[in-house]
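Novice: Work the whole structure out from these sequences, hints included.
Residues per chain, in single letters:
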Amino acid sequence: MEYSNSNPSPVKEYILSVLARNRAGVLLRIAGLFSRRCYNILSIVAAQTENTEYSRILIVVSGDDRIVRQVDKQLSKLIDIVQVDVLDRGRIVEREHLLLKVERTVQTSEKLVEIANVFHANILNVEPDSMILELTGDAGTINSFIELYNPYHVLRILRTGAMAMPK
Amino acid sequence: MVLTGAQIVMECLLEQGVDTVFGYPGGAVLNIYDALYEYRDRIRHVRTAHEQGAAHAADGYARSTGRTGVVIATSGPGATNLVTGIATAYMDSVPMVAITGNVNLNLLGLDSFQEVDITGITMPITKHNYIVKDVHDLAQTLREAFQIAGSGRRGPVLVDIPKDITGQTCEFERSAPLPPLPHDFPVAERFEKALEMISRAQRPFLYAGGGVISSEAAPELAAFAEKLDAPVACSLMCQGGFDQANRRYMGMLGMHGTNTAALAIKNCDLFVAVGTRFSDRVLCNAGLFARHCPIIQIEIDTAEFNKNIEVQLKVKGDAKEILQKLNEMLPQQEHTEWMDQVAAWKQEFPLIQKERTPHAVTPQQVMETLDRLTDDDAIIATEVGQNQMWAAQFYTFRKPRTFLSSGGLGTMGFGLGAALGAKVGNPDRQVINVAGDGSFHMNLNELATAAAYHIPFLELVLNNEVLGMVRQWQKLFYGHRFSQTDVDTATDFPALARAFGLKAYSIETDGQVEPVLREALAEAQKGPVLVDCRINRDVNVLPMVPAGASVESPILEMDD
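Line by line, the protein sequences give chains X and P. When we follow our numbering, the leftmost residue of the first sequence carries the number 1, and every step to the right adds one. When we follow our numbering, the leftmost residue of the second sequence carries the number 168, and every step to the right adds one.
In case anyone wonders, no lab produced these hints; they're calculated from the structure. Take every hint as true, because none was put in to throw you off.
So these bits of chain X aren't anywhere near chain P, every CB distance computed over 10 Å:
1) GLY90
2) GLN107
3) SER130
4) ILE146
Result set (EDC-like, lysine to aspartate or glutamate): computed pairs, CA atoms no more than 20 Å apart in a straight line:
5) LYS77(X) <-> GLU311(P)
6) LYS433(P) <-> GLU2(X)
7) LYS521(P) <-> ASP727(P)
Covered stretches of chain P, going by a simulated chain X footprint (3 or more residues, C-beta under 8 Å):
8) 288-296
9) 459-471
In this text the structure is predicted, and so the values were computed from the model without any measurement. The beta carbon of each residue, even a glycine, is placed where N, CA and C say it ideally should be.
Specialist: Right under this line is the structure:
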């Protein structure tokens with residue numbers, strides 16, 4: 001019998017929900033750990049929780065199953081970290097906030113508004129040559145929204161990164 | 168009682184039972200050094216020549232005594248000089264608390280004189296670190312630092328204290344040290360599964376790492392080896408964790424392991440690993456390591472499971488507690504045929520270095536003579552490179568905490584400081600630092616410390632005038648292009664040692680090895696001594712597993 005190292009599972013995106021003591025440098029510790037262990041952070045969102053002594057940090061990581069288990073265990077070793085949960089994407093609500101600035105011309109204006117309406121996105125600002133839109137949704141919705149605007153020359157995108165909460 | 172921050176530091180050290188610290192004074196720690204003066208009857212401070220030496224001394228003190236080592240340095244360069252020492256302790260899981268001074272709070276962040284962000288710098292090489300910004304937090308922070316350093320998988324913790332914090336006063340109350348942080352004990356199924364795997368095995372291989380020593384599990388490991396009726400190999404970090412005079416001992420496993428261990432891993436049907444992280448120096452090619460048999464790993468740090476290699480059974484917890492339980496549960500196993508086979512391999516493949524020229528000194532002769540002339544509880548520190556491997560291969564380590572070596576980081580210059588720290592912590596034991604001339608050159612300034620404090624120990628320099636380990640790789644893989652490894656310095660080591668105030672001897676022929684070592688060891692009971700031992704530059708460390716090869720296929724011989 002051969003006990004080979006199991007084949008790596010496919011690379012996916014995982015959402016980690018991290019509860020940390022709200023001490024100076026805790027984000028640096030997390031970011032430093034990711035950097036030196038060569039894990040990829042796709043996005044990170046951090047803020048105080050209902051209890052101001054703690055912060056909740058949502059991290060989207062790309063990697064295979066083995067890597068995400070390593071990330072979980074290495075993070076859990078940090079003294080300031082209280083708990084790490086790898087969220088099951090089927091059992092969470094997931095939200096991300098997007099600001100998108102797109103080029104606007106007389107010819108495209110109507111089309112741009114139409115797409116925004118389809119997504120129930122807000123129009124925050126309109127200038128003669130540009131428009132800023134706002135959308136909240138899961139990663140998939142945000143991605144298709146951006147894709148639809150791409151042909152109209154997107155000038156700038158700002159994404160907050162994913163927030164997620166178990167159901 | 169109302170105390171200054173600096174006095175609180177002293178009181179917290181006393182709370183922890185600390186009576187010895189290593190360090191170097193400076194501007195930002197003036198208050199702390201003033202308090203050390205006040206507490207000098209209760210806390211001994213050893214000032215090294217350089218902060219790096221102090222960090223290695225605290226490390227050697229910790230490795231040899233099992234107690235947490237303490238090092239103090241000033242801000243800026245004092246703090247950065249600790250970095251290599253802290254990283255060395257981190258890689259080898261050595262409990263250490265480093266206390267650094269920093270500039271006053273209102274000067275932080277302004278690129279002030281001797282200011283450095285040492286908590287930022289040491290984040291990746293400490294278990295945890297702190298900067299104390301309120302004197303009221305100081306005592307609790309120091310207590311936590313000791314708790315973290317000494318709990319679970321041990322390691323260094325740094326506490327950075329701005330100068331004004333050490334001068335401010337606040338109410339202080341003595342308290343007992345915080346209890347160690349709790350760790351898991353495996354659930355019953357893990358033990359049952361382990362017993363089931365063991366009962367199926369005909370040819371078990373028991374492999375021990377540094378965790379056996381840090382959890383004080385050597386007696387349990389010895390008992391387990393008997394019950395399992397298995398041969399034992401140790402990592403570099405577990406030298407002394409298993410009695411090497413025991414017939415079960417096969418030698419090291421890994422890049423410079425024995426051929427017996429290599430043959431045993433090739434033929435075993437169960438691999439039981441205790442207190443080890445499967446470093447790449449042991450695995451060699453991880454994809455080819457023990458792939459024909461299941462692996463049981465006993466380890467306290469969950470993150471070490473399935474990190475470098477996948478294992479079939481993870482048993483998480485303290486090595487001592489787990490081995491105790493296993494020893495209770497496990498019926499006596501019998502593998503006579505397997506043990507006979509291993510004994511035959513040991514017979515067939517001993518470690519041997521041949522003389523290259525008549526009367527030349529071999530490192531093997533030096534280490535075996537040293538072994539014969541020293542007590543079983545003598546402490547052998549090493550530098551890094553060939554000297555380190557020869558010490559591990561040819562000295563018979565019989566007790567835990569007798570071998571002090573930088574395994575994970577591979578820090579040249581580690582051994583001298585570590586040896587001094589070990590002697591300070593173990594005044595009644597013989598201490599020898601086995602060095603190469605390259606490593607010796609790195610931190611030889613600490614001979615000044617040995618002389619100033621009159622620390623009795625032996626600095627044994629295996630002097631081949633080359634950076635031997637790197638040169639060996641150049642021989643094997645770079646077509647004998649000896650780029651920068653022929654040192655050929657004109658340094659007269661005995662004269663240098665005498666200038667520092669040490670006694671010094673030379674060994675040039677095989678006939679001198681025993682008489683000179685005998686005399687030097689006798690002198691090294693009274694004060695610091697150096698022996699300059701000339702060896703041939705072409706002696707290689709063998710066996711050797713070349714990069715990328717399987718641990719089962721070491722090179723046993725190579726050309727000069």
